[in-house]
Structure formats: C-alpha cells, structure tokens
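When you get a sec, could you build the whole thing from the sequences and use the hints?
Same order as they appear, the protein sequences are chains A and B.
Going by this note's numbering, the letters in the first sequence line up with residues 1 to 278, in that order.
Going by this note's numbering, the letters in the second sequence line up with residues 1 to 163, in that order.
No wet-lab data here; the hints were simulated from the structure.
Keep in mind that a hint or two might mislead.
With the C-beta cut set under 8 Å, the calculated list includes, among others, these residues of chain B facing chain A [to be verified]: (1) Leu10; (2) Ala23; (3) Gln56; (4) Ser58; (5) Leu64; (6) Ala68.
Predicted model only: the values in this text are computed from it and were never measured.
By construction, the Cβ of each residue, glycine as well, lies at the ideal position given by its N, Cα and C atoms.
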Amino acid sequence: MRDRKYLLWIVLGTFFLVMFNLPESISASLRGGFREAIASYQGAIMRALEGLHRTSAAMGNLTDLAGERDRLEREVATLRAASVGQAQMAIENEELRRLLELRRRLTHKTVACQVIARDDGYGWWQTLRLDKGSEEGVRKNQPVITPDGLVGKTIDVSGQTCDVLLISDRNFKAAVRFEQDGSYGILRGGGVSLRGVHSLGVVCAPLPFQVDYVRKDVGIKPGEAVVTSGLGGAFPAGLRVGQVAQVAPDETGLYQVATVVPAADLERLRQVLVVIGP
Amino acid sequence: MAFLLLVATLVQSLVPSASWLGASKLPCLLAVVLFYGMTHSLGTVVAVAILAGIIQDSLSLIPLGYSAFCFSVTGLILVQIRGVLFRDSVVTVAMTGALVSAGVVLVLYLMLEVGTDMAGLPLWWVALKMGGNAVLGMMTAPIVWLMAGTLERQVGITHSDWL
Numbered sequence: 001m002r003d004r005k006y007l008l009w010i011v012l013g014t015f016f017l018v019m020f021n022l023p024e025s026i027s028a029s030l031r032g033g034f035r036e037a038i039a040s041y042q043g044a045i046m047r048a049l050e051g052l053h054r055t056s057a058a059m060g061n062l063t064d065l066a067g068e069r070d071r072l073e074r075e076v077a078t079l080r081a082a083s084v085g086q087a088q089m090a091i092e093n094e095e096l097r098r099l100l101e102l103r104r105r106l107t108h109k110t111v112a113c114q115v116i117a118r119d120d121g122y123g124w125w126q127t128l129r130l131d132k133g134s135e136e137g138v139r140k141n142q143p144v145i146t147p148d149g150l151v152g153k154t155i156d157v158s159g160q161t162c163d164v165l166l167i168s169d170r171n172f173k174a175a176v177r178f179e180q181d182g183s184y185g186i187l188r189g190g191g192v193s194l195r196g197v198h199s200l201g202v203v204c205a206p207l208p209f210q211v212d213y214v215r216k217d218v219g220i221k222p223g224e225a226v227v228t229s230g231l232g233g234a235f236p237a238g239l240r241v242g243q244v245a246q247v248a249p250d251e252t253g254l255y256q257v258a259t260v261v262p263a264a265d266l267e268r269l270r271q272v273l274v275v276i277g278p
Numbered sequence: 001m002a003f004l005l006l007v008a009t010l011v012q013s014l015v016p017s018a019s020w021l022g023a024s025k026l027p028c029l030l031a032v033v034l035f036y037g038m039t040h041s042l043g044t045v046v047a048v049a050i051l052a053g054i055i056q057d058s059l060s061l062i063p064l065g066y067s068a069f070c071f072s073v074t075g076l077i078l079v080q081i082r083g084v085l086f087r088d089s090v091v092t093v094a095m096t097g098a099l100v101s102a103g104v105v106l107v108l109y110l111m112l113e114v115g116t117d118m119a120g121l122p123l124w125w126v127a128l129k130m131g132g133n134a135v136l137g138m139m140t141a142p143i144v145w146l147m148a149g150t151l152e153r154q155v156g157i158t159h160s161d162w163l
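Here is the structure:
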C-alpha cells in the first residue's frame with residue numbers, strides 16, 4: 001500500500017513536470033480542444049441570457065411605468081412594453097449597422113464576431129471569448145475593434161473560437177499617439193473599478209487607461225483624442241483608443257503621464273471586428 | 001463525473017464576476033474537486049482534479065497544468081484529512097470551500113508571478129481576490145455538494161460507498 005502511494009506521487013510528479021514543459025503547439029491544441037468542446041454550449045446559453053436580459057429590461061420598464069402611471073389603462077402599458085422591445089431591437093440594429101459601416105470604411109480585412117463569453121475562467125485577466133477562430137483567418141495578436149474604437153487584441157486562438165485581452169487589462173500595452181499634438185506614448189490598461197453596476201449585460205467597469213512615457217515638454221490638453229500610432233506593428237495606425245482626461249508628471253519627473261478614458265463601451269460588447277490583415 | 005464537470009464549467013464561465021470580490025468567478029470546478037476529495041477514492045480524486053484543472057486552464061489564460069496542480073494538491077490534502085472532518089455538516093463543507101478557494105488563489109497567484117510575465121498585481125487586489133473567492137467558495141461548495149450528492153444517489157452511488 002505504501003509502495004502504491006509512492007508510485008502515485010512519482011506518476012503525479014512526472015505528469016506535472018511534463019505538463020509545465022509542454023511545447024506551445026501541443027498545449028495550444030489541448031486548450032483549443034477543451035475550449036471548443038464547451039464553446040457551443042457557451043454560445044447557446046449566452047444567446048438565451050441575452051434574450052432573458054432583454055425581456056427583463058422590458059419588464060422592468062413595464063413595472064416602472066405601472067408605478068409612475070398607475071391610473072393609465074392597460075393598453076398604454078402594453079404599448080409601452082412593446083415599444084421598449086422595439087427600442088432594444090433598434091439599439092441592436094444600430095450596433096450592427098455601425099459595425100457594417102465601419103467594415104466598409106476600413107481598408108483592412110476584418111471578420112465580424114459575436115461575444116460568447118465574458119471574463120476568463122478564473123478572473124485573473126479581463127477577456128472576451130469570440131465565436132470565430134483560425135478557420136476564419138483569426139490569428140494571435142490581431143486587433144479587435146468596434147465603431148467606437150480599439151477593444152483589445154486576440155491572445156489565444158483555436159479553430160472556431162478566440163480569446164481577446166481587453167485594453168482595460170493591466171497586461172495590455174499598445175503604442176499610441178495623441179491626435180492633435182502628435183506626440184507618442186505607451187498605453188496600458190488600468191484594471192477595473194471596485195464600484196459600478198453589475199448585471200447580466202455588464203462585466204466590470206474599467207478604470208481609465210494610463211499613457212506613460214509622454215515627453216514632458218509637449219502640451220497635451222484634456223479632451224484630446226488618443227489613437228494607435230502603428231509603431232511596433234502590433235496595431236494599425238489611427239485606431240481610436242480614447243480621450244485624455246488629465247495629464248500629470250510621472251514619479252521620476254522625466255515624463256508626463258496621461259489618464260485616458262476609453263472610447264469603446266467595454267462593459268457591453270456584443271459584436272466586434274477582428275482585423276485579420278491589411 | 002463528466003456531467004458534473006460540464007455543468008460546473010458552464011456555470012463558472014458564464015456567471016459574471018463582481019469587481020468588489022476581486023473579479024472572482026464562482027469556483028464551481030474547485031467545488032466539484034472538493035466533493036470528490038471528501039467522498040471518493042484517491043485515484044478518482046486525482047483524475048477529477050487533473051481534468052477539472054485542465055478545463056479551468058483551457059477556459060483561462062493560465063498556463064496549462066497550473067490549476068490542475070493546485071486542484072490535485074487540494075484533492076490529496078482533502079483525502080488525508082477527511083477522516084477527521086464532519087463531512088455531512090453544511091458548515092464543514094462551507095468552511096472547507098472557503099479555505100480551499102482562498103488557498104488556491106494564493107498558490108495560483110504565486111505560480112503566475114513566478115512562471116509567467118503577468119503584470120504585477122497589487123497585493124491588495126490579490127487579498128481582495130482571496131477574500132472574494134473565499135466568500136464565493138463558501139456559497140458554492142454546499143450547493144455543489146448537495147447537487148453532486150443527489151446526482152450520485154440517483155445513479156446508484158450511496159453514502160455507504162464513500163471511502
């Protein structure tokens with residue numbers, strides 16, 4: 001019995017030694033296999049949840065209406081509920097229309113994707129899972145955008161899904177440029193706020209980003225737009241990132257640090273575009 | 001086992017996290033490991049722990065094997081100490097759920113800090129995440145325990161089979 005226990009320890013030790021040193025290709029295909037096995041369930045449940053969310057929003061409005069105007073007739077309430085449903089549809093249509101317009105406007109090749117899961121499986125990173133993968137031409141480190149601006153970059157790709165690291169994550173970095181001034185800096189995510197509303201449609205409220213290493217002799221003003229610079233080749237130049245909220249000297253006094261409010265609504269992403277090539 | 005892991009995976013990946021709990025997700029997969037660790041043989045516990053860990057790593061950006069390692073250690077510890085625990089008490093299950101959830105977060109954080117180029121997280125955030133996971137683990141473990149126990153009884157595995 002004691003020998004069997006030792007054997008188990010040896011087998012386990014060897015197993016983990018192999019696991020920690022697996023080649024990237026084997027590790028990626030293993031991850032991809034597991035991810036895709038549950039991606040279809042995730043997609044179906046996500047769609048069902050969105051329907052539920054839409055219905056609950058419509059019902060919430062209906063309740064408010066009844067509270068505020070309890071003397072109004074039932075017909076009025078029913079009509080209002082119907083109009084709320086239409087408004088939700090109109091918002092969704094508008095989102096899709098803007099996405100389509102952006103796709104026509106862009107000179108780059110893009111793939112339209114739907115968000116099928118939010119957050120990574122254990123909450124260490126801020127990620128999204130999309131319903132398209134390498135079969136549609138998506139590769140690692142490609143920019144992900146919406147009509148409002150940059151959302152993040154693909155970080156893990158399997159055949160039919162991909163994970164996106166959001167720009168609000170502390171691990172996200174991008175070379176950016178201040179649009180009016182023309183000066184450069186390095187943008188990094190600020191993490192998430194501890195306050196804010198959380199519901200089915202909302203992930204976590206992102207904190208403003210920080211742009212480091214901005215020369216201290218340039219006069220950046222609050223409200224100035226920040227776009228990707230194209231330096232380093234990770235992102236095409238000119239993708240909108242956000243706008244400056246405030247500027248201050250950094251700890252060393254050698255550079256300035258700009259706080260930037262994100263342009264894209266990161267909390268309620270449903271459809272996005274992945275830029276797959278020039 | 002496969003059904004339990006599938007349901008746990010879907011719930012864990014789909015329930016949104018709250019930032020005031022350190023963006024912690026419901027530790028459903030860990031709760032399944034906890035259930036097996038308290039009620040099944042060593043071989044089964046290790047198999048479930050490795051499978052649950054690999055699934056969790058696949059859903060996340062955690063390098064493959066990190067969660068499996070943490071879950072396996074958790075399972076092995078539970079097998080060693082379950083003889084001295086009141087396993088049928090909800091309080092025991094809840095407290096164990098809280099402790100192992102917080103412990104796994106700490107060990108995973110240390111492994112990620114050493115083994116990856118993840119940006120250094122502030123210590124207060126890690127503490128918040130441990131607390132958040134402990135709270136969620138305390139809530140999740142008894143529910144998973146109850147569901148898994150009921151499911152096993154339905155398929156013919158009774159409490160007298162527990163080792």
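Here's how the hints hold up against the structure:
With a least beta-carbon distance of about 6 Å to chain A, the hint placing leucine 10 of chain B at the interface is held under the 8 Å criterion. Hint status for alanine 23 of chain B: holds, given a least beta-carbon distance of 4 Å to chain A, under 8 Å. Given hint, glutamine 56 of chain B at the interface with chain A, holds; its Cβ is 5 Å from that chain's nearest Cβ, closer than 8 Å. Below 8 Å, beta-carbon pairs count as interface contacts, and serine 58 of chain B has one with chain A at about 4 Å; its hint therefore holds.
Because the smallest distance between the Cβ of leucine 64 of chain B and any Cβ of chain A comes to about 5 Å, under 8 Å, the interface hint for this residue holds. Contact between alanine 68 of chain B and chain A, as hinted, is supported at the beta carbon level, the nearest pair being about 7 Å apart and thus within 8 Å.
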